[in-house]
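Each chain, letter by letter, is given below.
There are 2 protein chains.
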Amino acid sequence: MTQAISAGPGSLSPHRVVILGGGFGGLYAAKELGNRRVQVTLVDKRNFHLFQPLLYQVATGGLSPGEIASPLRTVLKRFENITVLQGEAVDLDVKERKLILADGDVPYDSLIIATGASHHYFGREHWEDVAPGLKTIEDALEMRRRILRAFEAAERETDPARRQTLLTFVIVGAGPTGVELAGALAELAHFSLRHEYRHIDPSQSSIILLEGMERVLPSYAPDLSAEAEAALARLGVVVRTNTMVTDMEEDVLTLRRGDQVEQLAAGTVLWAAGMKASAMGQVLAQRAGAELDKMGRVIVEPDLTVPGHPEILVAGDLANLSGRDGQPLPGVAPVAMQQGLYTARLILRRVQGRSSLPFRYRNRGSLAVIGRHAAVADLGFVRFGGFLAWLAWIFVHIMYLVGFENRILVFSKWAYDYFTHNRGARLITEENWRPQLSRLMQP
Amino acid sequence: MTQAISAGPGSLSPHRVVILGGGFGGLYAAKELGNRRVQVTLVDKRNFHLFQPLLYQVATGGLSPGEIASPLRTVLKRFENITVLQGEAVDLDVKERKLILADGDVPYDSLIIATGASHHYFGREHWEDVAPGLKTIEDALEMRRRILRAFEAAERETDPARRQTLLTFVIVGAGPTGVELAGALAELAHFSLRHEYRHIDPSQSSIILLEGMERVLPSYAPDLSAEAEAALARLGVVVRTNTMVTDMEEDVLTLRRGDQVEQLAAGTVLWAAGMKASAMGQVLAQRAGAELDKMGRVIVEPDLTVPGHPEILVAGDLANLSGRDGQPLPGVAPVAMQQGLYTARLILRRVQGRSSLPFRYRNRGSLAVIGRHAAVADLGFVRFGGFLAWLAWIFVHIMYLVGFENRILVFSKWAYDYFTHNRGARLITEENWRPQLSRLMQP
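Line by line, the protein sequences give chains G and D. The first sequence lines up with residues 1 to 443 when you count with the numbering used here. The second sequence lines up with residues 1 to 443 when you count with the numbering used here.
In isolation and in its complexed conformation, chain G is listed as follows (with noise of 0.2 Å):
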């Protein structure tokens, strides 16, 4: 048996702030709201606040899963008012404020959903088993775990053809995800594991980037595109550009450059290719009639509530609010951040009968890092690549980094790493792994 968490409805009773999801945006709301004047319940699925930008680390074997997750209970646990609570979401009742978990309800006044967003294949959802997106602790482990599996068998291998093609990694999309996972795996192979295996050189790699657009990083500016893209191929990543992947089977992918169709051997291929909208967005849809663009997002008003419903409000990768320049903002986590605090401004000035103005994002600039001493920073006012932005994203990580501890563990393992080239999580894990001699004998 189970219980509602918050106190019961009553006008003298404090404001119930009720934040689905505990990322960026759900947690910087409730930081905002902690020891205010409102009862705050904050509702994940998981028990972790999860560093998004760094989980290719943990993908490539450069950092663990603890050191960029923080229990959300440990972060919250000075704010006396907010509570957390691990629990999924599966419908809303607007009409009564009540958010439905799967064990029970949480009755809400104001309601603030950031669920954010998850990999998408376009229609060819197949395409996930041969091509493994990145978005949680455990699609990180199991990139980790095939890219690693993927040496070990070329290990062992004798025909020259099939190793080749394992030792053929292909990241599709070059985003920032995809640019920074490949620049990490070229890094991986091509230093890291030198001297580590007696058969093969793992070296020799292939690493290829594929892009559907005319050039990689396509939401920056073509110099800093162009700038990391030298920066790739001084990794030995191959960047393939106007390149589309049409079909897809077990190490195999078909492509499209304009006319020309081919097909490229590859024994593991990542997908940093498509986002879509997390699954709330529908649920609105449905309860509250929102509005959902093509990648599933809510069409917010301009103060991030949802048409006709002021009292819920959405921040983050979920919201679809166009910037100044007529485009939705990008699924990134400084707008995550900042809407997450500008809804809880907006709930506490209304507690006070006050009224807020419109959202507006402040874009402080856009970074992404290539491999261990390179990367691109766009500042708005000005633009730079190679070493300097590259301390200027170890520095801006380092400082969200959520957890004290986190942030000096990263610190000195980067340090560390920096000087010797090397990647020390890189375990091959499962769950429930056991040995296969001893299910074979035992009763």
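What the hints contain is simulated information worked out from the structure, not anything from laboratory work. Since we're looking at a predicted model, the values are computed, not measured. It cannot be assumed that every hint is accurate.
When chains are identical, the list treats them as one kind, so a pair holds in a single copy or across two.
Below, in silico cross-link-like pairs of lysine to any residue (SDA-like), each with a Cα-Cα straight-line distance of 25 Å or less [unchecked claim]: (1) K135 - R354; (2) K276 - I398; (3) K276 - T305; (4) K135 - R146; (5) K98 - P334; (6) K77 - Q204; (7) K77 - F191; (8) K77 - R362; (9) K31 - P202; (10) K135 - Y400; (11) K294 - N81; (12) K135 - T429; (13) K294 - R324; (14) K135 - R149; (15) K77 - A153; (16) K276 - F387; (17) K31 - R194; (18) K95 - T246; (19) K31 - G386; (20) K77 - D201; (21) K276 - V238; (22) K31 - R240.
Mind docking chain D on chain G? Use the hints.
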């Protein structure tokens, strides 16, 4: 198509040593043979060496898996005569001198088998579902998951009796693993989780340590057992000795103490009681006529060879060799390390045509840790407990942590945790984790 890894036979080619198992025994044997005039192949099912003595820290959220494990290839890459092979042994051809893997054969001139032990339920293997043991990284993550889920469920529970069941944790077996696990779990519940929940007080959890013998740490001297028991009591662990588990179902244990039978409601049960040698012992019995003891360990000659097969050596937990007191040597890391070294030196002396003295274990002492500044140490000539023993424990464990990076990381993490009672690695993860709602909503 896969290949046999070693060079072909022939008296002029170097002596081929195959080591099965990359635990303490196998790894120390390999390092000793590194860059010597033998050709070494180390075979392990996993791609990493695991520092098992700290596994309980992963189970209780103090450390991440990557911090107590190092890739075998990395540890051994400086030895050019060593090939690391990830593979699983399924049989042995003693006549042809080939180790049979699931996907290929590895011929040997000398074979060192160091496949260790796993937990054991004395014929009640179905208990494993209720009470997982602690031998692999995956086991530790499963324990962590169950422990953290129990607190989450208790936070949601309104029925007081059921809530107390969820907050009752039983550890079966008070050897070193059970004692360390109970101490770490008590610290987690009574200190680290303080202020993190709103409806439960984790410090009200019951941590119960069961032992069938008359005292905890039965293999230690009685005064150290008494000291350990006092330290456990200070941490709030309830120790129940002379108590056997006779039945186990979900949430209910049946206990027997003398003639008294009782039932104990407990939401989480952790197994630290039984050990049994790995299944390679049975292969050695069938193929090489080896005799096994009750625990499945191979009864070896004084030089760790299998009777009648001087070319096959057994090191570590799989070997049954009696110490000076007539009792089999305990299944602890120092025995495995020394036996690994011994087997390597024996082979090197044989290749040079020299003979060897029998193996002799040099007991440098026993250590068990209970919580954050209590431990017990028995160095043979002196026994002591408390803070000094705890410092000795930290020192020894840091010294033996295999990767240089891991040592620094773990030490800085411990220093931090010591001052803050922090346990940051508290993620609940699962393989192929997917949100429920997305599953419902997707086509």
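If the cut is 25 Å between Cα atoms, do K31 and P202 qualify within a copy, between copies, both or neither?
between (45 Å within a copy, 23 Å between copies)
Check K135 against R354 for me: Cα-Cα at most 25 Å, and say if that holds within a copy, between copies, both or neither.
neither (38 Å within a copy, 59 Å between copies)
How would you classify K294 and N81 at a CA-CA limit of 25 Å: within, between, both, or neither?
neither (38 Å within a copy, 58 Å between copies)
When no copy is named, should K135 and T429 be tagged within, between, both, or neither for a Cα gap of at most 25 Å?
both (18 Å within a copy, 13 Å between copies)
Is it within, between, both, or neither for K77 and F191, if the alpha carbons may be no more than 25 Å apart?
So K77 and F191 pass the 25 Å test across copies only (13 Å; inside, 42 Å).
25 Å Cα threshold - placement of R324 relative to K294
within (20 Å within a copy, 76 Å between copies)
Regarding K31 and G386, is the shortest C-alpha distance of 25 Å or less found within a copy, between copies, in both, or in neither?
Neither: 35 Å inside a chain and 40 Å across chains, both beyond 25 Å.
25 Å Cα threshold - placement of R194 relative to K31:
between (44 Å within a copy, 19 Å between copies)
Is the C-alpha distance from K95 to T246 at most 25 Å within one copy, between copies, in both cases, or in neither?
Result: close neither inside a copy nor across copies, 45 Å intra and 53 Å inter.
When no copy is specified for K31 and R240, does a C-alpha distance of 25 Å or less occur within a copy, between copies, both, or neither?
Neither. Shortest intra-copy (43 Å) and inter-copy (44 Å) distances fail the 25 Å Cα cut-off.
If the cut is 25 Å between Cα atoms, do K77 and A153 qualify within a copy, between copies, both or neither?
So K77 and A153 pass the 25 Å test across copies only (18 Å; inside, 46 Å).
Taking 25 Å as the upper bound on the Cα-Cα distance, should K135 and R149 be classified as within, between, both, or neither?
This pair counts as both: shortest intra-copy Cα distance 21 Å, inter-copy 22 Å.
In summary, the structure is inconsistent with hints 1, 2, 5, 8, 11, 16, 18, 19, 21, 22 from the numbered list given earlier, while agreeing with the others.
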